[in-house]
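Engineer: Single-letter residue listing:
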Amino acid sequence: MSLKQSGAFSTVETYYNDYGQRAKELNREGKKVIGYVCSFVPLEIITASGAIPFRVRGSIHEPITRGDTLLETIVCPYYRSCFDLSVKEKYAFLSGMVIPHGCDSMVRSFSAWSYGLPLSYFHFVNIPSVCEESSLEFFGSELNTFRKSLEKFTGKAITEENLDQAIRVHNENRDKVRALYEFRKTDPPLISGTELTMTLTAGSSLPVEESNSLFDQALTEVKGRGNSPLKKGPRILIDGACLDNIELIQLVEELGGNVVTDTICNGTRDHFPKADADGNPIDALAHRYLDKINCPKTYRSNKAGTFEGDIENRFGDIGTYAREFNVDGAILYVYKYCDPFGFEVPARKVYYQSLNVPLLHLEDIYSAGTMGQLRTRIQAFLEMIG
Amino acid sequence: MAEEQKEAKPKKRMTATKAAASIGPMVKEFITGTLQAKAEGKQKVAYTFIVCHHEEIFRALDVMPVWTENFAGICGAKRDAERFLQRAESLGLSRSLCTYALCGIGFDQWREELGGMPPDAPWGGQVRPDFMISSGQILCDPRSKWYQASQQFMPDVPIYNIDLPYPLFQRNQDHRDVWSYYHQYIVKQLRGLVAFIEEQTKKKMDYDRLRELVNLSDRTWNLIDETYKLRRAVPCPMGTGDAMNTMVPINFMMATQKAYDFFVDLKKELEEKIVRGEGEVENEKYRLMWGGGLPAWYALSDFNYFNSKGASFPVETTYRMVAPLHDMDLPETKDPIEHLAWRWLGYWTFWFDKARKRPGSEPDVERLINWIEEYKIDGVVMHEAFSCRTWHVGLIWQLHQLAKIYKPIPVHVIGKDGKKEKVFKELPSLILESDIIDITSYSEVDTRNKIDAFVGALESIRANRAA
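Sequence lines, in order, name chains R and E.
Going by our numbering, the first residue of the first sequence is number 29, and it counts up by one from there.
Going by our numbering, the first residue of the second sequence is number 57, and it counts up by one from there.
It is possible that part of the hints are untrue.
As the list claims (entries may be wrong) - Under the rule of at most 30 Å between Cα atoms (straight-line distance), these lysine-lysine pairs were calculated in the DSS-like manner:
#1 Lys-74/E with Lys-410/E
#2 Lys-460/E with Lys-116/R
#3 Lys-260/E with Lys-331/R
#4 Lys-506/E with Lys-364/R
#5 Lys-460/E with Lys-118/R
#6 Lys-506/E with Lys-331/R
#7 Lys-98/E with Lys-60/R
#8 Lys-94/E with Lys-134/E
#9 Lys-244/E with Lys-176/R
#10 Lys-116/R with Lys-413/E
#11 Lys-134/E with Lys-302/R
#12 Lys-180/R with Lys-413/E
#13 Lys-176/R with Lys-413/E
#14 Lys-244/E with Lys-320/R
#15 Lys-116/R with Lys-463/E
#16 Lys-331/R with Lys-460/E
#17 Lys-244/E with Lys-331/R
#18 Lys-364/R with Lys-134/E
#19 Lys-180/R with Lys-134/E
#20 Lys-134/E with Lys-176/R
#21 Lys-94/E with Lys-331/R
Claimed, not checked - Covered by chain R, per the in silico footprint, the following chain E stretches (three or more residues, Cβ under 8 Å):
#22 148 to 159
#23 198 to 205
#24 232 to 246
#25 303 to 310
Treat the hints as calculated values from the structure; they're not laboratory data.
Think of the CB as a built atom: it goes at the ideal place given N, C-alpha and C, for glycine as much as any other residue.
Let the hints inform the model, and build the full structure from the sequences given.
Structural biologist: As structure tokens, this is what we get:
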């Protein structure tokens, strides 16, 4: 796949296609690279320890083989792909791995990961299922346990100053992502969804400082475009979990749509919420990762007492993005076997109706093999709303 | 919508014990009890889940639990889940999700739409709750999503979601280093539950009563452990088929005198059978462990099929949701809420210390190894239910780890007299595949072919050892 890019996006494409290239180099230089899956892993603590957080990715082009000899096929297909690539030593440069309680697939496969990969460091971060005062306290303690375990592994104390600095630099990263999203507000957008997802995916394979620098270059390049290279078309929001392969977004854009925003993990879910820079850093991280990350895995109580009030509370970010980015339609893209998202489909459908945003719901299996079927459905949807 | 689709009535499974045979009417009685309680309006009824260690709180505040997983299981066992599953699918819910939850949501949506029970609802149907207690656990995602999805169709029914984490086994971490803050959190969660139920019922918690109920549960836990350990006897007096019945008092009737009395009777019955040398099967040839997975509720007669081949199941990991309290070394406390939280942590970390001592082990594997030895097991059977990640992910890996110990070649060990002994430890395994209640995933012919082949493997291993 080549988008024939130059400058920053050429670098992005290199890092995207040879995912982990830079982490491999850094590992050779003696740096510790810590792999993670899911938006719930507090990256700031890894950065504060002097190690480099690296988001483990799957591949929709690689058939799952070895992974299936160790893990059941009823696991979320995205996660199975991440596991499969890992046990095939695609990420052999990792020094360790962190898995959070993001879903049952993660919890129940923790042993297979920790025994299946020859890594000297493994840690599980327990994430509360509710968001209230007691769960924030508990999560703060759990983050301190993670902090101590990394201190033991790296042989370096993680001070409050280290954490404050890591929060600052990760917040900068989020500001830059937000600035990239701003370029999607024009019609047509100045940056395509494909370019943006590729950029964010590439960024998650780099030390945060290098990611910041890459995003700066991308910002400068997009700003310099003046006119959009894209054509006007239906403005689409992608709603779902992690979409770290660009094919779906590329497909929408090939068919004449413009993906202008999302709720996906390696999109707004990971990058929009910032940690508070003042006060106790562990409290700030507990608050960011438990309260501000809007994942269906976290149960949010129905304070309104009505269904309409409840869905506004749970999915309000969708409405905000739909308005902010002037969305014409949305694609709810859910992986088979994903319980947290799967159970929300009926309520999300109603929410989109309340927004008057047409919705296409797709259930998929994280495989390039399904793109043909998706093409037909997406084409019909775009024609309908276009 | 195929609302009229119903499968043929399943063949009734033969039980080995009188106690197991008495369970059906007991379940029917408490389903009917929930309907009656709702009609009379004297007692609040609440949806909830098993294995939350909160039954004592329910009962102390006179709330009648409606075990929604149980009702879905009944629909499955009666081969009458399909019409509710299809209704859930029509709402946009994928068949790949937990089918207990799909069945429950489909049922709820239908009942709310009709303003009454769906036609021919199994055993009178699932009552509309006054409130719902869901549970976000490290155990199961659908537990915090199911009632939230159902609430779309009954928005006036409030939910309290109780968070009950436990530390996951990590080889380089002693769980006792972290469990004090786990305990503090669980206590707060349980106190929050008490406050919520007090508000719903307008009753105040009687902590003396709660203490008595907690004590009753503790005694029941120990009694169950003693009772189930009797199944180590050769021949085995009670198998897993029966245990899929006797799971009812463990999981749905805890903190009641009736549950305690049930196990007093079962223990007596098993002791008598042992004295008479009476096994689950007449000529016990093989002793198998049900090593993981919830059963296919519509196909429990498969256990009889195993029995017909001379195979008995002295032990199962499924639904044995208790452990001997005297082996847990829990901190002393007079506060029943604090004790419930310690018991929760004690149960989930029960195998951690043993697992840490054995390279390559982890708690689920350690339990398998211990029970293989204690119950003299010849083979392991698991069931992979496609719709449930909670109990069914990790099973393949566990069998991998077991295979490193129970190798298909004779191994030499140092015997008690200090001399080398040749030991055969090969332990074949079988994974059956279908679902908990979705009968469309099940093929009786394929399942029984697999069982035949597995029994063939057991026979050939035995013949090789004898040669």
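Engineer: Hint by hint, note whether the structure agrees.
Structural biologist: Evaluation of the provided hints:
1. Lys-74/E with Lys-410/E: Violated, at about 36 Å.
2. Lys-460/E with Lys-116/R: 21 Å, holds
3. Lys-260/E with Lys-331/R: 24 Å, holds
4. Lys-506/E with Lys-364/R: Judged against 30 Å, a Cα distance of about 27 Å means the pair holds.
5. Lys-460/E with Lys-118/R: 26 Å, holds
6. Lys-506/E with Lys-331/R: 51 Å, violated
7. Lys-98/E with Lys-60/R: 63 Å, violated
8. Lys-94/E with Lys-134/E: Judged against 30 Å, a Cα distance of about 24 Å means the pair holds.
9. Lys-244/E with Lys-176/R: The hint holds at about 25 Å.
10. Lys-116/R with Lys-413/E: The given pair, whose Cα atoms are some 29 Å apart, holds under the 30 Å limit.
11. Lys-134/E with Lys-302/R: 52 Å, violated
12. Lys-180/R with Lys-413/E: Distance of about 21 Å is within 30 Å: holds.
13. Lys-176/R with Lys-413/E: With Cα atoms ~23 Å apart, Lys-176/R and Lys-413/E stay inside 30 Å; holds.
14. Lys-244/E with Lys-320/R: The hint holds at about 22 Å.
15. Lys-116/R with Lys-463/E: 25 Å, holds
16. Lys-331/R with Lys-460/E: Given pair Lys-331/R, Lys-460/E is violated - Cα atoms ~52 Å apart, limit 30 Å.
17. Lys-244/E with Lys-331/R: 20 Å, holds
18. Lys-364/R with Lys-134/E: 27 Å, holds
19. Lys-180/R with Lys-134/E: Distance of about 55 Å is beyond 30 Å: violated.
20. Lys-134/E with Lys-176/R: Cα-Cα ~52 Å, so violated.
21. Lys-94/E with Lys-331/R: 26 Å, holds
22. 148 to 159: n = 7 at 8 Å, threshold three: holds.
23. 198 to 205: holds (count 6)
24. 232 to 246: holds (count 8)
25. 303 to 310: violated (count 0)
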